[in-house]
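Same order as they appear, the protein sequences are chains A, B and C. Residue numbering for the first sequence is 1 to 462, as defined by our numbering. Residue numbering for the second sequence is 1001 to 1462, as defined by our numbering. Residue numbering for the third sequence is 2001 to 2462, as defined by our numbering.
Please keep in mind that the hints were generated in silico from the structure rather than gathered at the bench. Treat the hints with care, as some may be off.
Away from chain C, derived, C-beta distances all over 10 angstroms, residues of chain A [claimed, not checked]:
no., residue
1, V354
2, A420
3, G431
Straight line, CA to CA, 30 angstroms or less: simulated DSSO-like cross-link-like pairs of lysine-lysine [claimed, not checked]:
no., chain 1, residue 1, chain 2, residue 2
4, B, K1318, C, K2178
5, B, K1368, A, K318
6, B, K1319, C, K2318
7, A, K242, C, K2370
8, A, K319, B, K1445
9, A, K319, B, K1319
10, C, K2368, A, K445
11, A, K318, B, K1240
12, C, K2319, B, K1318
13, B, K1178, A, K319
14, C, K2319, B, K1319
15, B, K1318, C, K2370
16, C, K2319, A, K445
17, C, K2319, A, K178
18, C, K2319, A, K240
19, A, K240, A, K445
20, B, K1445, A, K242
21, C, K2368, B, K1368
22, B, K1319, A, K368
23, A, K178, A, K427
24, B, K1445, A, K318
25, A, K370, B, K1445
26, A, K240, C, K2445
27, B, K1318, A, K319
28, A, K445, C, K2427
29, B, K1242, C, K2445
30, C, K2318, C, K2370
31, C, K2370, C, K2427
32, C, K2318, B, K1318
33, C, K2319, C, K2178
34, C, K2178, C, K2318
35, A, K445, C, K2178
36, B, K1319, B, K1427
37, A, K319, A, K445
38, C, K2368, B, K1319
39, B, K1240, C, K2445
Note that the Cβ used here is the ideal one computed from N, Cα and C, for glycine as well.
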Amino acid sequence: MNPKTSISRASALAGGLALSAFAALPAWAQDAATDAAEGAVEAVAGEASTHTQFILNSLLMLIGGILVFWMAAGFAMLEAGFVRTKNVSMQLLKNITMYSLACLAYFLIGYQIMYPGDGWLMDGVIGAIGLATLEPVGLTPDAADLTYATVSADFFFQVMFCATAASIVSGTVAERIKLWPFLVLVFFLTALIYPIQASWKWGGGFLDQMGFLDFAGSTVVHSVGGWAALTGAIILGARKGKYNADGSVNVMPGSNMPLAVLGMFILWMGWYGFNGASQLAMGTVGDIADVGRVMANTNAGAIGGVLAAVILSQVLYKKVDLTFAINGALAGLVSVTAEPLTPGLGAATLIGAVGGVIVVFTVPLLDKFKIDDVVGAIPVHLFAGIWGTIAVVLTNPDASLVTQLIAIVSVGVFVAVTSAVVWLAVKAIMGLRPTEEAEYLGLDKAEVGVEAYPEFPMSSTR
Amino acid sequence: MNPKTSISRASALAGGLALSAFAALPAWAQDAATDAAEGAVEAVAGEASTHTQFILNSLLMLIGGILVFWMAAGFAMLEAGFVRTKNVSMQLLKNITMYSLACLAYFLIGYQIMYPGDGWLMDGVIGAIGLATLEPVGLTPDAADLTYATVSADFFFQVMFCATAASIVSGTVAERIKLWPFLVLVFFLTALIYPIQASWKWGGGFLDQMGFLDFAGSTVVHSVGGWAALTGAIILGARKGKYNADGSVNVMPGSNMPLAVLGMFILWMGWYGFNGASQLAMGTVGDIADVGRVMANTNAGAIGGVLAAVILSQVLYKKVDLTFAINGALAGLVSVTAEPLTPGLGAATLIGAVGGVIVVFTVPLLDKFKIDDVVGAIPVHLFAGIWGTIAVVLTNPDASLVTQLIAIVSVGVFVAVTSAVVWLAVKAIMGLRPTEEAEYLGLDKAEVGVEAYPEFPMSSTR
Amino acid sequence: MNPKTSISRASALAGGLALSAFAALPAWAQDAATDAAEGAVEAVAGEASTHTQFILNSLLMLIGGILVFWMAAGFAMLEAGFVRTKNVSMQLLKNITMYSLACLAYFLIGYQIMYPGDGWLMDGVIGAIGLATLEPVGLTPDAADLTYATVSADFFFQVMFCATAASIVSGTVAERIKLWPFLVLVFFLTALIYPIQASWKWGGGFLDQMGFLDFAGSTVVHSVGGWAALTGAIILGARKGKYNADGSVNVMPGSNMPLAVLGMFILWMGWYGFNGASQLAMGTVGDIADVGRVMANTNAGAIGGVLAAVILSQVLYKKVDLTFAINGALAGLVSVTAEPLTPGLGAATLIGAVGGVIVVFTVPLLDKFKIDDVVGAIPVHLFAGIWGTIAVVLTNPDASLVTQLIAIVSVGVFVAVTSAVVWLAVKAIMGLRPTEEAEYLGLDKAEVGVEAYPEFPMSSTR
C-alpha cells in the first residue's frame, strides 16, 4: 500500500464518521475527531520518526566509516605504486601497522581527547582523558541521545578519520625511514596531536566557537597529515641520490602505475564517505538532499583537479604526466573537503581545479627546496588543504576569511611544532634512518625480509 | 520497544478506554475512539512515511552511484591488465581523464538533454538545453517532489551511468589512439550522443512511449558504448602487427592478469549498484524485495556467463582461457541488465550463460573481420547487450519483441552514425593515431612520459 | 520540519482543544482525546514502523551481501599474490569459477538444506530438498513475514557466505591441483557439506538448540573452509620441492606482495558486512547500535591481530615479516567473528591479538608436519576459528564452553570426514594433481594457456 492509499483510507475513516454522526457532534468533538484523523495521516505522510532518523543517521556514519576505512587501502596502494620496487613491501607493512596503531591509539586516548563533551582538561583547548566506550549491547531508546547517532557509529566513523591523518605522512617519508621510529611518530600523532587540534573544531573547542568552518577536514585532517609530513621530510632529509650537488634532481619514478591509479580510485571512492557522511545526518529530506549534494560536489572537485592538472601539464610540458592526473584528482578532493555543501557543481569543479593547478606548480617547487616528498602528499594534502579551507569563504556566507586563516595558522603551528618535537626526539633516541647500505639495498631486504616481487628481476638497483 | 509492543500498547489504550467508559459511549463515539486507536496503530505498524520513503529512495541511488563510480576503477584495471606493458600508463591516463571529462560534459549539457521534463526541444527526441542544477542547500519538504528522490542523488547516480558508457569505448580502441582525439570523441559521446538516446527511454521519449523496456541499460548504456567502440575500431584500424597479410592473427596477450581480474570483480561489484539501484526506490516492502531480487539475479547472470564460457572453452579448446572467464562474467552481467527483475534465479543464470556463449564465439569472429578489439568490449557490451535486450521478452510479459528490436535498431543506427561522424571528423582535423614509431615504442614513452613498470625489464618490445 | 516541531504541533492540537472545550469533557472523553493525541505524537516520535524496519533489515543484508561478495575478490587477490608467478592465472581462474559454481550449487541445493524451516529431512540434522525461490516481483506486505527481511536479501547475503567457505580452500591447495577436480570438491562443499553443518546452527538445527553461539561463523564458515583445506593439503601432498628429504623447507615466496595486501584490505572491508550484517536487523535503536558495535569490534580484532603478529615476529625473528602482518589481520578478524557483539573494544582487540599470535606460531608448525598451506589459510581460518569460537565464553554470559567445544568437534569431524571422502573419491576417479612436468612448468602454461605477466621475464623458473 503506498502512502496515498493510506491517506485516502484515513480520510475515509473520517468521512465514514461524518456520514453517520459527525455532523451531530458538538464542535469540540468534531475538532477532536478531525485532529485525530490528521494526526494519523501526518504520521504516515510526514517526516521520519525520531527512531528512524536516529537509525538513518547511524547508518550513514557506518557506511561512511567503511568507505573511509577503504581509504587506508587506497593510501597503501598509492604509496606502493609510487615507491621503488626495493621498498614496496616496507611501504605496505608501514601502512598496515600504522593504520592498526592509529586505531589503537585513538581508542586508548584520542577519542576522549577529541570529544570531551563537558570534561575539558583545559577549556576548548585540551580534551578529556579516558578510553573510548561504546553503548552497552542492546541499547534502549531511553538510554540514547536520539538527536544524533549511536556512539558505536560515531566512533567507527571518527577512528577512520584519525587513521587517515596518519596515512598522509607515510607516503612523504617513504623509502628512508625505519619502521619502528615511524610508528612512534604515528602513535603521538594519532593519540594526541590529531585529536587535540580536532577537538578545537569538531569537539566544540575554541576554533569552533570562533566560527571556523571545515566540513570534513581540509585543515582538521588533511593539513594535519601534511604538516607532519613536511616536518618529517625536512628532519629526515632526502633519499640518498635524489638531489645532486649541482642542484639537479634525479627522478626516481614509481614502480607500479596501475597500483598508484588503483589507490587513487580507492581514495576517490572513499571520499564519498569521508565528505558525504560528514553531514552526520540523513533522517530528513533536507539532510539526505545535502548528503547527495556533498557527494556530487566531491566528485566535481575531483574531476576539476584532474582536468586542470592534465591540461596544465600538456601546456607546460607538452606531455601529460600520469602522476599529475593522479595527484590532481586527490588535490581536487582535498580542496572541496572543507566545504563540499554550499558550492554548486560548477563552483565545486573550479575549486577542485585550483587544487590541480597547485599540484602542478608546487611538486617541482618542493624539489627546489630539496624537500623529498615521495608521493606528493605535501602539495596534495597541505597546500590544497589550505586552499580548500580558504575557499570556504567563496561559497559559504557564514565563513570569515580571518577566522579561516586563524584556524589554518593555529593548526599549522601546533602540528608543525609538536610533530617536529616528536620527530627530533625519536631521531635522538632511536634514530630515524636505516644505514646507507640498507637504504641502497632497499628496506624490503634489509628490514622486512620479504621482497615485493621476488621473481621479477630488476633492470637496475637504482 | 518493538512494533508488537507498540501495537499492544495502543490496543491497551483502547482497551483501557473500553473498561472504563467505552460501553457507555454512543455508537458514533465508539467508532471515533476505535478509529483514532487504529490510526495510531497503523501509523506505527504500517508503511514507511513519505519522508522516510523519499530518504530511502535517495539513499539507494547514492549507494548505487558510489558503486557505479567504482566501475570506473574496474574499467581502468581491466584495460590496464589487457593492454601490453608499453601502453599501460596511457590506458590508465585515458580512463582517468575520460571519466572526468564525461562527468563535466554531463553536468554542462547531458543531464538536461537526458531529462528534459516538459522542456523537449523536439518532442520525445531531443531534450532541453541547460546546466544540471541541484536543489538548494537544506531542501525543505514542501519544495521537494517526495514521490521520487533528491535531484542530487539522481544526478549523482546518472552521471556515473554516462561515464560508464564512455568507459566501454576506451578498451576497444586501446594502444593505438592519441589521448586528445580520444577525449574529443568522449566529449561528444557524453554531452550529446549518450544523453539524446537515453532520453528516448529514460527521459520519457519516443521509445519509452512505445513500451520499450530496458531496466538498467543493456541497450541504453552498454550497446551505446559498444557501437561507438565498433565504429572506432573500424575507423582507427587494427594495431600494427595484429593481423598478417596471410590472414593469420598475432596474439597480443594482456600484460597483467591479476589486474584484469581485479577489474572484473570491481565491475561485478559495481553492477549491484548499476542494476539494483535502477529500481529507483526502496521505500516500500515491494520495492526493497525487488531490489534484492535484482541483485540476486545480477549475480546469477554473472555466474551463468562465467560457467558457460569456461565449460565451452574447455570443450572447444581443451584449455580454459582465463580471458573468457573474465569476459564471460561481464557478458553475463550485460545480458541480465535489461531485465534483472522478472526472471527467476534459474532463468537469470541461463540468460547470463547465453552471454558467456556469445563471448566465446564472437571474440574470434571479430578477428576474422580484422576488427581489433583489445579488451573484447564489443562482444561483451554490444553483442551481449543486444541479446539481453531481446531476452526481456522471455520473462517480462509487458515486453514486445518488435518494440525491443525497434529500440535496438534505433539506438544502434543513431549511435553508429553519430559516433562515426565524430570519429571521422576528429581523424580529419586532429588525426587519431600516433606515428608508427610511437606506436611501436609504446604510448607510455611516446606520449605520457611515465612508464607503468619502469624497473621491470620487458622480455621483448613486441 | 524536525520531530520536535512535530511534537510541539501535536501538543498544540491537544492544547487548542483544551482551551476551547477540553475541560468541559467528561473524564472518559478527556482520556480518549489525550490518548489520540499521544498516539499521533508517538507515531512520529517513536520507533520505526514495521515496514520501515523490514526495509532497513533487508537493506542491511543487501549491503552486507555486496561486501561479502567483495571478499571473493579479496581471496582472489590474496592468493594471486601469494602463489608463484607461474600459477597466478590458474589461481585467478580457480577463484572466479569456484565462486560461480558455489553460487549455483547453493541456489540449486544448498539454500534449502541450510534453511529447511519446518521441512527437515532428518530433524535438526539434514535439511530440505529444493531450489531456492525468491518472492514474486512486487511483494505485497500481506504476503511477507515483516518481522525479518526479504527472502531476496536473505538469499543474496547467505549465498555469499557459502562462497566464502569455498574460497578458503583454494589458497591452501594452490599450485598443485588441477582445475576440474578442484571444482568437484567445491560443488560438494557448497551444495552439501557447508549447508548441512550450517543448518545445525543457523537453520535452527541441533547445535542451535543446544545453545551453540557463533555470531557470524568462526566455526560455521571459517573452520569449515579450514577443515576442507586441511584434508585437501594432506591428501594432495606438498608442492614438488617444498620439503627436502633432510626435513628442511624451501621457502617459496609469494610473487606479488601488493596484490596480497590488497586482498587483505578487501577482506577486511568485506568483513564489516560479514559480521555487521550478521546482526540481521537494524530497524531499532538497539539493533543499529549493535551493528555499529559489531563493526567497531571487527576492526578492533583485526588491528589486534596485526599488532600482535608484527610485534611477535620482531621479537622472535628480529624482522617483521609482511606475510605475518597480512595473516595476523585475517586471523584477528576470524577470531572476533564468533562473537563481535559482546566484547568491549579492548577485549575485541585482545581476542584478535591471540589470533595474530596463533598465526605466528602455527604457520611454521604446519611445515613441521609437511602440510603445505600456500597462503596460510589453515592457521587463519581453522586455528583462529577454533580460538574465536571458544573465546565467545569470555564475554558472552549465555555461552557454554562445553557446548562450544561440542560444536567445534561436531563440525570438525563432519567436515573433515566428508571432505576427505570427496577428495579421495575425486583423486581415485579423476586424479587431483597435474603431471610433475606441468607442475614444474606452472599451471598457467600447462592448463590455462594464459600467463599472468607474459612480458616480464622471470628471474628463474623455480
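Comparing the hints with the structure gives:
Every CB of chain C is more than 10 angstroms from the CB of A/V354 (nearest about 31 angstroms), matching its label as outside the interface. Listed as outside the interface, A/A420 is consistent with that label: its C-beta sits roughly 27 angstroms from the nearest C-beta of chain C, beyond the 10 angstroms cut-off. The claim that A/G431 lies off the interface holds: its Cβ sits roughly 16 angstroms from the closest Cβ of chain C, which is beyond the 10 angstroms cut-off. With a C-alpha separation of about 13 angstroms, the suggested pair B/K1318 and C/K2178 falls inside the 30 angstroms cut-off, and the hint holds.
The straight-line distance between the Cα atoms of B/K1368 and A/K318 is roughly 39 angstroms, outside the 30 angstroms bound, and the hint therefore fails. At roughly 46 angstroms between alpha-carbon atoms, B/K1319 and C/K2318 are farther apart than 30 angstroms, so this suggested pair is violated. Using a Cα cut-off of 30 angstroms, the hinted pair A/K242 and C/K2370 is violated, with the two alpha carbons roughly 47 angstroms apart. Only pairs whose Cα atoms come within 30 angstroms are accepted, and A/K319 paired with B/K1445 is accepted, the gap being roughly 10 angstroms.
Using a Cα cut-off of 30 angstroms, the hinted pair A/K319 and B/K1319 is violated, with the two alpha carbons roughly 43 angstroms apart. As the CA atoms of C/K2368 and A/K445 are separated by approximately 25 angstroms, the hinted pair is consistent with the 30 angstroms bound. Between the alpha carbons of A/K318 and B/K1240 the distance comes to roughly 25 angstroms, so the proposed pair stays at or under 30 angstroms and holds. Proposed proximity of C/K2319 and B/K1318 is contradicted: the alpha carbons are some 46 angstroms apart, above 30 angstroms.
Restraint check for B/K1178 and A/K319: satisfied, since their Cα atoms lie roughly 12 angstroms apart, inside the 30 angstroms limit. Taking the CA atoms of C/K2319 and B/K1319, the gap is about 43 angstroms. The hint is violated against a cut of 30 angstroms. Of the pairs offered as hints, the one joining B/K1318 and C/K2370 is violated, with about 34 angstroms between alpha carbons and a cut-off of 30 angstroms exceeded. Distance hint between C/K2319 and A/K445 is fulfilled; the C-alpha atoms sit about 10 angstroms from each other, no more than 30 angstroms.
Restraint check: the Cα-Cα separation between C/K2319 and A/K178 comes to about 12 angstroms, which is no more than 30 angstroms; the hinted pair holds. Restraint check: the Cα-Cα separation between C/K2319 and A/K240 comes to about 23 angstroms, which is no more than 30 angstroms; the hinted pair holds. Note on A/K240 and A/K445: the hinted pairing holds, with a Cα-Cα distance of about 17 angstroms set against a maximum of 30 angstroms. With a CA separation close to 22 angstroms, the supplied pair B/K1445 and A/K242 stays within the 30 angstroms bound.
Distance check on the hinted pair: C/K2368 and B/K1368 sit about 55 angstroms apart at the alpha-carbon level, beyond 30 angstroms; violated. Taking the CA atoms of B/K1319 and A/K368, the gap is near 56 angstroms; set against the 30 angstroms cutoff, the hint is violated. Among the hinted pairs, A/K178 with A/K427 is consistent with the structure: their alpha-carbon atoms are about 11 angstroms apart, no more than 30 angstroms. With a C-alpha separation of about 13 angstroms, the suggested pair B/K1445 and A/K318 falls inside the 30 angstroms cut-off, and the hint holds.
Taken as a hint, the A/K370 and B/K1445 pair is honoured in the structure, with Cα atoms around 27 angstroms apart against an allowance of 30 angstroms. For the hint linking A/K240 to C/K2445, the alpha-carbon distance of about 41 angstroms lies beyond 30 angstroms, and the restraint is violated. Using a Cα cut-off of 30 angstroms, the hinted pair B/K1318 and A/K319 is violated, with the two alpha carbons roughly 46 angstroms apart. Under the criterion of a C-alpha separation no larger than 30 angstroms, the hint pairing A/K445 with C/K2427 is inconsistent with the structure, at around 41 angstroms.
Among the hinted pairs, B/K1242 with C/K2445 is consistent with the structure: their alpha-carbon atoms are about 22 angstroms apart, no more than 30 angstroms. Among the hinted pairs, C/K2318 with C/K2370 is consistent with the structure: their alpha-carbon atoms are about 25 angstroms apart, no more than 30 angstroms. Between the alpha carbons of C/K2370 and C/K2427 the distance comes to roughly 20 angstroms, so the proposed pair stays at or under 30 angstroms and holds. For the hint pairing C/K2318 with B/K1318, the CA-to-CA distance comes to about 49 angstroms; that exceeds 30 angstroms, so the pair is violated.
In summary, the hint linking C/K2319 to C/K2178 is not supported, as the alpha carbons are separated by about 36 angstroms, beyond the 30 angstroms threshold. Our distance criterion of 30 angstroms between C-alpha atoms is broken by C/K2178 and C/K2318, whose separation comes to about 38 angstroms. Proposed proximity of A/K445 and C/K2178 is contradicted: the alpha carbons are some 34 angstroms apart, above 30 angstroms. Restraint check for B/K1319 and B/K1427: not satisfied, since their Cα atoms lie roughly 40 angstroms apart, outside the 30 angstroms limit.
With a C-alpha separation of about 35 angstroms, the suggested pair A/K319 and A/K445 falls outside the 30 angstroms cut-off, and the hint is violated. A distance of roughly 36 angstroms separates the Cα atoms of C/K2368 and B/K1319; the hinted pair therefore is violated under the 30 angstroms criterion. For the hint linking B/K1240 to C/K2445, the alpha-carbon distance of about 26 angstroms falls within 30 angstroms, and the restraint holds.
Hints 5, 6, 7, 9, 12, 14, 15, 21, 22, 26, 27, 28, 32, 33, 34, 35, 36, 37, 38 from the list above are not met by this structure, while the remaining hints are.
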